[in-house]
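In the order they appear, the protein sequences are chains A and B. Everything in the first sequence is counted per UniProt numbering, starting at 1 for the first residue and increasing by one. Everything in the second sequence is counted per UniProt numbering, starting at 1 for the first residue and increasing by one.
Hints are supplied without guarantee of correctness; some may be wrong.
If chains are identical, the list can't say which one is meant, so a pair holds when it fits in one copy or spans any two.
[Claimed, not checked] Calculated cross-link-like contacts (lysine-lysine; reagent style BS3-like; alpha-carbon spacing at most 25 Å):
no.	residue 1	residue 2
1	K127	K2
2	K129	K169
3	K123	K250
4	K230	K5
5	K39	K127
6	K254	K129
7	K96	K123
8	K39	K331
9	K42	K331
10	K254	K5
Keep in mind that the hints were calculated from the coordinates and are not lab data.
There are 2 protein chains.
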Amino acid sequence: MKMKKFLNSPNTLTDEMLEGYGLAAADIVEVRGHLVISKGLKTADRVTVVTMGGSGHEPAQAGFVGEGMLDIQVVGDVFAAPSPQSVYEALQLADKGHGVLLLVLNHAGDMLCANMVIKMAEKAGIKVKKVVTQEDISNAPRSNAADRRGLAGAIPLYHIAAAACREGKTLDEAADLAQKYADSMATISVAVRCATHPANGESFGDLGDEDMEIGMGQHGEGGGGRQPLKTARETISIMADALIKDIPLKRGDKCFVMINGTGATTLMEMFILYKDCVHYLKEQGIEVVANMVGEILTVQEQAGFQLNIAKWDDECLRLWNTPVHTFALSK
Amino acid sequence: MKMKKFLNSPNTLTDEMLEGYGLAAADIVEVRGHLVISKGLKTADRVTVVTMGGSGHEPAQAGFVGEGMLDIQVVGDVFAAPSPQSVYEALQLADKGHGVLLLVLNHAGDMLCANMVIKMAEKAGIKVKKVVTQEDISNAPRSNAADRRGLAGAIPLYHIAAAACREGKTLDEAADLAQKYADSMATISVAVRCATHPANGESFGDLGDEDMEIGMGQHGEGGGGRQPLKTARETISIMADALIKDIPLKRGDKCFVMINGTGATTLMEMFILYKDCVHYLKEQGIEVVANMVGEILTVQEQAGFQLNIAKWDDECLRLWNTPVHTFALSK
Numbered sequence: 001m002k003m004k005k006f007l008n009s010p011n012t013l014t015d016e017m018l019e020g021y022g023l024a025a026a027d028i029v030e031v032r033g034h035l036v037i038s039k040g041l042k043t044a045d046r047v048t049v050v051t052m053g054g055s056g057h058e059p060a061q062a063g064f065v066g067e068g069m070l071d072i073q074v075v076g077d078v079f080a081a082p083s084p085q086s087v088y089e090a091l092q093l094a095d096k097g098h099g100v101l102l103l104v105l106n107h108a109g110d111m112l113c114a115n116m117v118i119k120m121a122e123k124a125g126i127k128v129k130k131v132v133t134q135e136d137i138s139n140a141p142r143s144n145a146a147d148r149r150g151l152a153g154a155i156p157l158y159h160i161a162a163a164a165c166r167e168g169k170t171l172d173e174a175a176d177l178a179q180k181y182a183d184s185m186a187t188i189s190v191a192v193r194c195a196t197h198p199a200n201g202e203s204f205g206d207l208g209d210e211d212m213e214i215g216m217g218q219h220g221e222g223g224g225g226r227q228p229l230k231t232a233r234e235t236i237s238i239m240a241d242a243l244i245k246d247i248p249l250k251r252g253d254k255c256f257v258m259i260n261g262t263g264a265t266t267l268m269e270m271f272i273l274y275k276d277c278v279h280y281l282k283e284q285g286i287e288v289v290a291n292m293v294g295e296i297l298t299v300q301e302q303a304g305f306q307l308n309i310a311k312w313d314d315e316c317l318r319l320w321n322t323p324v325h326t327f328a329l330s331k
Numbered sequence: 001m002k003m004k005k006f007l008n009s010p011n012t013l014t015d016e017m018l019e020g021y022g023l024a025a026a027d028i029v030e031v032r033g034h035l036v037i038s039k040g041l042k043t044a045d046r047v048t049v050v051t052m053g054g055s056g057h058e059p060a061q062a063g064f065v066g067e068g069m070l071d072i073q074v075v076g077d078v079f080a081a082p083s084p085q086s087v088y089e090a091l092q093l094a095d096k097g098h099g100v101l102l103l104v105l106n107h108a109g110d111m112l113c114a115n116m117v118i119k120m121a122e123k124a125g126i127k128v129k130k131v132v133t134q135e136d137i138s139n140a141p142r143s144n145a146a147d148r149r150g151l152a153g154a155i156p157l158y159h160i161a162a163a164a165c166r167e168g169k170t171l172d173e174a175a176d177l178a179q180k181y182a183d184s185m186a187t188i189s190v191a192v193r194c195a196t197h198p199a200n201g202e203s204f205g206d207l208g209d210e211d212m213e214i215g216m217g218q219h220g221e222g223g224g225g226r227q228p229l230k231t232a233r234e235t236i237s238i239m240a241d242a243l244i245k246d247i248p249l250k251r252g253d254k255c256f257v258m259i260n261g262t263g264a265t266t267l268m269e270m271f272i273l274y275k276d277c278v279h280y281l282k283e284q285g286i287e288v289v290a291n292m293v294g295e296i297l298t299v300q301e302q303a304g305f306q307l308n309i310a311k312w313d314d315e316c317l318r319l320w321n322t323p324v325h326t327f328a329l330s331k
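Only chain A is shown next, with the shape it has when bound in the complex (with noise of 0.2 Å):
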């Protein structure tokens, strides 16, 4: 399918989408360069929670910066990590003495791009704990986890965290308890039709009018479930049953769900899957305590959606219902 996109030059799509995020969530954020901050970090006198990751994924994940999540996204060119210069500088600007819980996704290039700079870090003196999100089943099993991607199931975790550092939790308890997240959570994508590359035009595949492709990855990556597409309800039950395996939930349990759209596809539809959602595990006996539903962490106008669902227990659950203000995620 070609391109057919509202941008001016594909050489400085970050930076102008960058500008236009700040001037729209001015009240909220303070983008400089590449990275985007909180207007809260200067008197935070905490532990500080920072990510980093490609731009296209918008509003991931530079719109859940603000009060009670983020305090800095450090932002790489679209799909791809950002410069170790620019996240060394984030650690810098983060540290209030109490060290800095940084979040990252499970792709290569930020892993290696995190890695270098916490050593640099680690030379200035400067406190940071890395915890890595890698849940998508598709691509490899929990044994091997670090093969894994890093999909949408870390923006929840990114308020989680944010609102344990808030009550005064030190480094180490607060990355214990985001490891503790990462652990218990998975996420599972399907597409029915894909993105195309913002910068060159390029579509990520062809999904042809019939089929969808369970697994697919955030970047067009295949995920080896390409099949007819099914009805809503089918679909979740396909893709919520291999979730509940994983993590493992059983009878009594209690999770988080999030219906991700990944572009094209649209709000009713997402609602109706939730629908189906709640009721699948309904039959299995798990309760549905907490949600995400909408554009969370999208691959550009890719129609379909990710399946998270974290297993939750009521420490996560009070630390979810504190305030949050940020452009995609306030209450």
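Put chain B on the given structure of chain A with help from the hints.
Relative to the frame of chain A, chain B by itself:
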């Protein structure tokens, strides 16, 4: 383009969507049949705000029900007006003895229904004032506003009118304020790829690989402005210029700007468009004092956006900055 959506049955689209929405936003709304009711309505002792309209435009309008915004939305089937009986029920439920402000987007079915129900309500002793938003500059001149379609410009008015009601304005005062708002704003749309109807799968049209159409209505109505796709900056200058002349805005004026993505257009594009719009207006000496950027009133998976500009005074801005808590807008 063949429709590829996650649905179950064409006959239950709206019911299933509303069930899912009610589950996802259970802390904010109660869904009762085709009425989406704010949880805050129960204790309201003021003029209340009700709207009506077909489904298929999510998050509008149901996503804007909640504290500081709509008290009730009456939901019709996909792109269809709701039944008079359900609108009448909503007015009965909403009236707290101070009257009801009924905000209607100008579409034939909704208008017919609203006028019928207002007569029924008057007979029953319910005070109702109807204010119509009719701001699509592409299908009629301002002198013939009754022929103009209502587009996404109604959404910020929901919050501003509700904020005025919360401050104790009478029904007449609230209706005057809403009418003044409706008269001082304008919207123009552009599409680059058409939507498909979720019930029958039919496409609203075909804009080919090279063209955009300025003025396309939110149900695929032609706008007459088909032309080769332009850059974000060029597109904004054409559209903003038309709105400035229509409202009209002059040097020194303050305004609100909305970039409403209609479906498959990315938030990356919307931020770039917003930035270009702020710059374009600044060159004309016009200051942007508030904004909404995102998917607000969609047309299923249509790629394109609506640009809404409203002339604002300090009172608009003050009311806008009061608390609001809905699924799709919270601050």
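Against the structure, the hints come out as follows:
| no. | hint | verdict |
| --- | --- | --- |
| 1 | K127 to K2 | neither (47 Å within a copy, 53 Å between copies) |
| 2 | K129 to K169 | within (13 Å within a copy, 53 Å between copies) |
| 3 | K123 to K250 | neither (45 Å within a copy, 57 Å between copies) |
| 4 | K230 to K5 | between (29 Å within a copy, 9 Å between copies) |
| 5 | K39 to K127 | within (22 Å within a copy, 45 Å between copies) |
| 6 | K254 to K129 | neither (28 Å within a copy, 46 Å between copies) |
| 7 | K96 to K123 | within (17 Å within a copy, 66 Å between copies) |
| 8 | K39 to K331 | both (17 Å within a copy, 15 Å between copies) |
| 9 | K42 to K331 | both (22 Å within a copy, 21 Å between copies) |
| 10 | K254 to K5 | neither (41 Å within a copy, 29 Å between copies) |
The structure shown violates the earlier hints numbered 1, 3, 6 and 10.
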